[in-house]
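If you want the building blocks of each chain, they are given just below.
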Amino acid sequence: MRNKWITITLIVLLIAVVILSAGIGAMKIPPAQVMAVLLNKLGIHLPVIYDEGVENVLLHIRLPRVVMAVLVGAGLAISGVAMQGLFRNPLADPALIGISSGASLSAVLVIVLISSLPALHIDNYLPRYYLLNVITFLGACATSLLVFRISRSGGKTMLVTLLLAGVALNALCRALTDLITTTANDEQLRNATFWSMGSLGGASWNVVLTLLPFVLAPILMLPGLAKSLNAFALGENEAAYLGINVKRLKTKIIILATLAVGASVAVAGIIGFVGLIVPHMVRSVSGNDHRSLLLNSTLLGASLLTLADVFSRTIIAPAELPIGIVTAVLGTPVFVMLLIKQKKQLRTVS
Amino acid sequence: MIISAHNISYRIGQRPILNKLNFDIQPGEVTVVLGQNGAGKSTFLKILSGEAKPTIGQVLLNNIDLHSIPVNKLATMRAVLSQQYAQGLQFNCEEIVMMGRYPYFGGQPGADDHRIVRESMLEMQVDHLQRRNYQALSGGEQQRVQMARVLSQLRGKQSGSKWKNEQQQGLLLLDEPTSSMDCLHQQLALSKAKELANQGYTVVVILHDLNLAAQFADTILLLKQGCIVRAGNVRDVLTSEHLSEAYNMEVDILEPEDYDFPILIPARHKNKPVLLRS
Numbered sequence: 008m009r010n011k012w013i014t015i016t017l018i019v020l021l022i023a024v025v026i027l028s029a030g031i032g033a034m035k036i037p038p039a040q041v042m043a044v045l046l047n048k049l050g051i052h053l054p055v056i057y058d059e060g061v062e063n064v065l066l067h068i069r070l071p072r073v074v075m076a077v078l079v080g081a082g083l084a085i086s087g088v089a090m091q092g093l094f095r096n097p098l099a100d101p102a103l104i105g106i107s108s109g110a111s112l113s114a115v116l117v118i119v120l121i122s123s124l125p126a127l128h129i130d131n132y133l134p135r136y137y138l139l140n141v142i143t144f145l146g147a148c149a150t151s152l153l154v155f156r157i158s159r160s161g162g163k164t165m166l167v168t169l170l171l172a173g174v175a176l177n178a179l180c181r182a183l184t185d186l187i188t189t190t191a192n193d194e195q196l197r198n199a200t201f202w203s204m205g206s207l208g209g210a211s212w213n214v215v216l217t218l219l220p221f222v223l224a225p226i227l228m229l230p231g232l233a234k235s236l237n238a239f240a241l242g243e244n245e246a247a248y249l250g251i252n253v254k255r256l257k258t259k260i261i262i263l264a265t266l267a268v269g270a271s272v273a274v275a276g277i278i279g280f281v282g283l284i285v286p287h288m289v290r291s292v293s294g295n296d297h298r299s300l301l302l303n304s305t306l307l308g309a310s311l312l313t314l315a316d317v318f319s320r321t322i323i324a325p326a327e328l329p330i331g332i333v334t335a336v337l338g339t340p341v342f343v344m345l346l347i348k349q350k351k352q353l354r355t356v357s
Numbered sequence: 018m019i020i021s022a023h024n025i026s027y028r029i030g031q032r033p034i035l036n037k038l039n040f041d042i043q044p045g046e047v048t049v050v051l052g053q054n055g056a057g058k059s060t061f062l063k064i065l066s067g068e069a070k071p072t073i074g075q076v077l078l079n080n081i082d083l084h085s086i087p088v089n090k091l092a093t094m095r096a097v098l099s100q101q102y103a104q105g106l107q108f109n110c111e112e113i114v115m116m117g118r119y120p121y122f123g124g125q126p127g128a129d130d131h132r133i134v135r136e137s138m139l140e141m142q143v144d145h146l147q148r149r150n151y152q153a154l155s156g157g158e159q160q161r162v163q164m165a166r167v168l169s170q171l172r173g174k175q176s177g178s179k180w181k182n183e184q185q186q187g188l189l190l191l192d193e194p195t196s197s198m199d200c201l202h203q204q205l206a207l208s209k210a211k212e213l214a215n216q217g218y219t220v221v222v223i224l225h226d227l228n229l230a231a232q233f234a235d236t237i238l239l240l241k242q243g244c245i246v247r248a249g250n251v252r253d254v255l256t257s258e259h260l261s262e263a264y265n266m267e268v269d270i271l272e273p274e275d276y277d278f279p280i281l282i283p284a285r286h287k288n289k290p291v292l293l294r295s
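Line by line, the protein sequences are chains A and B. Mind the numbering: the first sequence is residues 8 to 357 in this note's numbering, read in order. Mind the numbering: the second sequence is residues 18 to 295 in this note's numbering, read in order.
Pairs of lysine to aspartate or glutamate, EDC-like flavour, derived with a Cα cap of 20 Å:
(1) B:LYS70 / B:ASP82
(2) B:LYS174 / B:GLU111
(3) A:LYS48 / A:GLU59
(4) A:LYS257 / B:GLU68
(5) A:LYS11 / A:ASP296
(6) B:LYS37 / B:GLU262
(7) A:LYS11 / B:GLU111
(8) A:LYS254 / B:GLU68
Since the hints were made in silico from the structure, they are not lab data. None of these values were measured; they are calculated from a predicted model.
Same shape as in the complex, but just chain A (with noise of 0.2 Å):
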């Protein structure tokens, strides 16, 4: 009952940000004017009087960015509690253990063979874009199923060995990244900061078309799974003793956890800590049951995410500050709180 109501309260939060969050850049719109403009659109009409410059701005440059940021923020928190179930350890963010930096790797080379090899031109946007997804979707898998086999031994997940596993393959793909981009003639590849800091600077309608089916599928599928989810917390064995087949329930967690980061690291780069802060803050108030932890993170991340963007396309404006700085200054302190919580496992691990 208690869950359900924090339900309600993150969904009412989620559209008064989107509302809020439309609303702020150079030009101001009200939020009464926001909502005229949406319900329109759906056939509501309110008596609310804005002029077709504000209708404008607001479908064609705002929305897209804001539903950016809402399906980026929900599918990177979604993907974190995937993974930190999978690894039954809540330090387990995509971007922390090497799985974005994976991700952002495959994107970069996606595009220069593309650009290189005029035999894989794709003129249309759409059909382009979701080879780049679903490439760096591979990329995020093949890292995610390499960090798992390096930090695990006889069927436990061991902590140092997987936050070391994520420095080393961060480090490499993150270097064969600005390798790539530093060589290359690419306008798109050239902005470097891109693909370590993030930016959603790219929206328009495309994109989301092209993010939407893969944060969708872990959002409608991962909930199916939480069940499974809550019994492999147990551990391996005891999920199967409890009639879980977990080789199968392993397979889907890393490719419903990696769509979503692989897509959104193809459109926006690497944001790191919100697989990491929104579950944490999600955890602390409504315990680990997945079965409510998978949802409410999906709707904080969206919240959080779009507050962060807003933050970072006005706080220096008319420039723009990568997103990945706010989110890893919100970040960091958590994880350092997480880590302090966790020394006693480190210490008797190593």
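With the hints as your guide, set chain B onto chain A.
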């Protein structure tokens, strides 16, 4: 549920853990597995649970090969209490016990599941810990919560009254269930196991405490280096001769009046050379 195995062996690499075991485990009995550290007790239990597959031979559950039963079906037939659980379980106790019902419901637990969870928690005297964080409990309390979870899993998909299970009575496997419990709860947990056996369940328990074994076992399997030293009833197996073979330790056996089980104590004066050696 009858478990039977003929000539099963289990090796890790070249190292034999269990060697050519033959046994039948009967329903309606508490079978206690005893033996030194590293004698193969936990591996034995893993083989019975289906977690490990014998290198040679097969385990039959009511004459069906254990490994031919799908995991989700097996989960409704047998419950396992492990020695250790993953660290950092951020769940409250009720949520942990409810996991025992996972094999029986799809999305959300039904009224039966809630009732069974409540009853199982009462049985293990952890009902007052319902909303407490599992991680914050003492070792013995955690063991009781896990035991309650295992009991709730064993209750099957029933809607009738307490413990009256129309379907086949299941299999309960307990790996040192009482290792962290106080003496009262040790008695409580093993009495519960005994009660289930009396109702037709098959119960296999690994224990270290010889006196608990003497008190609660119907059958004892005494293991040493992966082989069965002796199998049989309490007085057949718990003799100073067998125990000194299995444990390299002399034990005196007392038969107090008014008790229907023997009391075992280390014969300290005889053990001194052995104890000093280590």
